[in-house]
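Produce the complete structure using the sequences and hints provided.
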Amino acid sequence: MTHAPEIQALLDRQAITDVINLYLRGADRAEIALIADAYHPDAIEDHGGVYNGPASDYVALMAKMLPKGGIMNHIATNIVIELDGDTAHAEHYILAFARMKKDGEKFDTLTLARAIDRFERRDGAWKIAHRRLAWEWNHEMPFAESWGRGMMFPEGTELVRGAKHPNDVLYTARAA
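For the sequence shown, the positions run 3 to 178 when our numbering is used.
Keep in mind the hints are simulated off the structure, nothing from the lab. Wrong hints could be hidden among the right ones.
Below, in silico cross-link-like pairs of lysine to aspartate or glutamate (EDC-like), each with a Cα-Cα straight-line distance of 16 Å or less [said to hold, decoys possible]:
#, residue 1, residue 2
1, K108, E142
2, K103, E147
3, K103, E142
4, K104, E142
5, K70, D170
6, K108, E147
The model shown is predicted, which means the values in this text are computed figures rather than measured ones.
What follows is the structure, given as structure tokens:
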């Protein structure tokens, strides 16, 4: 089906945005297949000084780390996509919240990074061909979960909490 150029541009931008958002869901839920599916097989990942090489090797590292990692949430903002035929350049900010533990001490970390992606449409699918990440800032704070100092929930123990794949409510709700 052929669409007017303006409509096709909207469809392409939405497809690219979906790749970005599903990648971040994969990171949060440790659903490695979502991260892997964001890249073309020959893609390069330059993770801002942390890793630079084949995206497939980066995905393999994430497959080892993410399932053991703590709670994390990534938010994509300010997504700007420039289309040029079957190539697109996308920039977006990633705001990441993570609960971590080091030497027995829990702490929260808030990080802002920026992804500069070259997407390519191959066989009708938009995927990342090359990603460069730039770290903007980081702020860490002591662990202090009190749910509004007890005003929202006295203990928080009754709350349904987010989890890694396949135990998160996203997956269990689908089965209900």
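Of the numbered hints stated earlier in the document, which are not met by this structure?
none
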